[in-house]
Amino acid sequence: MNIKSLREQVFKLLFRAGFVEPSEMPSQVEYFLDSGDMTVNDKDRSYIMEKCSSIVEKIPEIDGILNDRMDGWTTERISRVELAILRLGTYEVLYDEAVPAGVAINEAVELAKKYGEDKSGSFVNGVLAGVNDSSRASARSEDKKPDKGHLSGTVSEKKGDTYITRKL
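Position 3 (the sequence shown) corresponds to 3 in our numbering; numbering is contiguous.
Any given hint could be a false lead.
Restraint-style ranges between C-beta atoms, simulated for each label pair [to be verified]:
no., residue 1, residue 2, range
1, Gly126, Phe19, 31 to 41 angstroms
2, Asp34, Trp73, 32 to 42 angstroms
3, Asp42, Trp73, 18 to 28 angstroms
4, Gly72, Asp34, 36 to 46 angstroms
Straight line, CA to CA, 27 angstroms or less: simulated DSSO-like cross-link-like pairs of lysine-lysine [to be verified]:
no., residue 1, residue 2
5, Lys114, Lys51
6, Lys43, Lys4
7, Lys43, Lys119
8, Lys58, Lys43
9, Lys114, Lys43
10, Lys12, Lys113
11, Lys113, Lys58
Keep in mind that the hints were calculated from the coordinates and are not lab data.
Even for Gly, the Cβ is constructed at its ideal location relative to N, Cα and C.
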């Protein structure tokens with residue numbers, strides 16, 4: 001399977017996660033993969049199981065982030081399709097270093113267009129763009145470090161790949 005198909009299978013499993021207890025997810029994943037609806041090699045099986053498990057483990061944290069980013073909405077108010085897509089997209093934007101944020105957002109939008117309602121794509125795009133922007137802002141603030149080689153009262157700030165030293 002290609003990565004797009006693998007992502008779609010993870011989305012389908014995350015959709016199931018909205019209907020069962022987290023402790024039931026390993027057996028749900030096994031049932032899903034063994035249902036005979038698709039052929040899955042060992043490598044793909046491992047990828048799907050590991051990614052799904054990682055996301056399910058982080059659902060409380062991911063949902064908190066989503067609730068902070070959805071103006072006027074909460075994870076309890078949106079459709080389960082959108083919620084599963086947003087959980088997957090948020091995980092990929094924030095925690096999966098193998099997936100560039102832009103790709104994660106684009107793929108989530110494509111899933112929303114395929115499985116969601118008419119405006120799901122733009123909703124998912126807006127929420128995940130907010131998640132990405134806030135994570136980048138957070139990373140920038142973590143990159144600001146005092147420059148120990150200079151007198152106090154100066155700060156080194158990372159700009160791209162370069163540190164710029166300035167007086168306070």
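A quick look at each hint next to the structure:
1. Gly126 - Phe19: 31 to 41 angstroms: Given range 31 to 41 angstroms: violated, Cβ gap about 26 angstroms.
2. Asp34 - Trp73: 32 to 42 angstroms: 36 angstroms Cβ-Cβ, so the 32 to 42 angstroms window holds.
3. Asp42 - Trp73: 18 to 28 angstroms: Check failed, 39 angstroms falls outside 18 to 28 angstroms.
4. Gly72 - Asp34: 36 to 46 angstroms: holds (41 angstroms)
5. Lys114 - Lys51: holds (21 angstroms)
6. Lys43 - Lys4: Holds. Lys43 to Lys4 sits at ~15 angstroms (cutoff 27 angstroms).
7. Lys43 - Lys119: Judged against 27 angstroms, a Cα distance of about 35 angstroms means the pair is violated.
8. Lys58 - Lys43: Cα-Cα ~23 angstroms, so holds.
9. Lys114 - Lys43: holds (26 angstroms)
10. Lys12 - Lys113: holds (14 angstroms)
11. Lys113 - Lys58: Since the Cα atoms of Lys113 and Lys58 sit roughly 25 angstroms apart, the hinted pair holds (cutoff 27 angstroms).
The structure fails hints 1, 3 and 7 (numbered hints given earlier, in ascending order).
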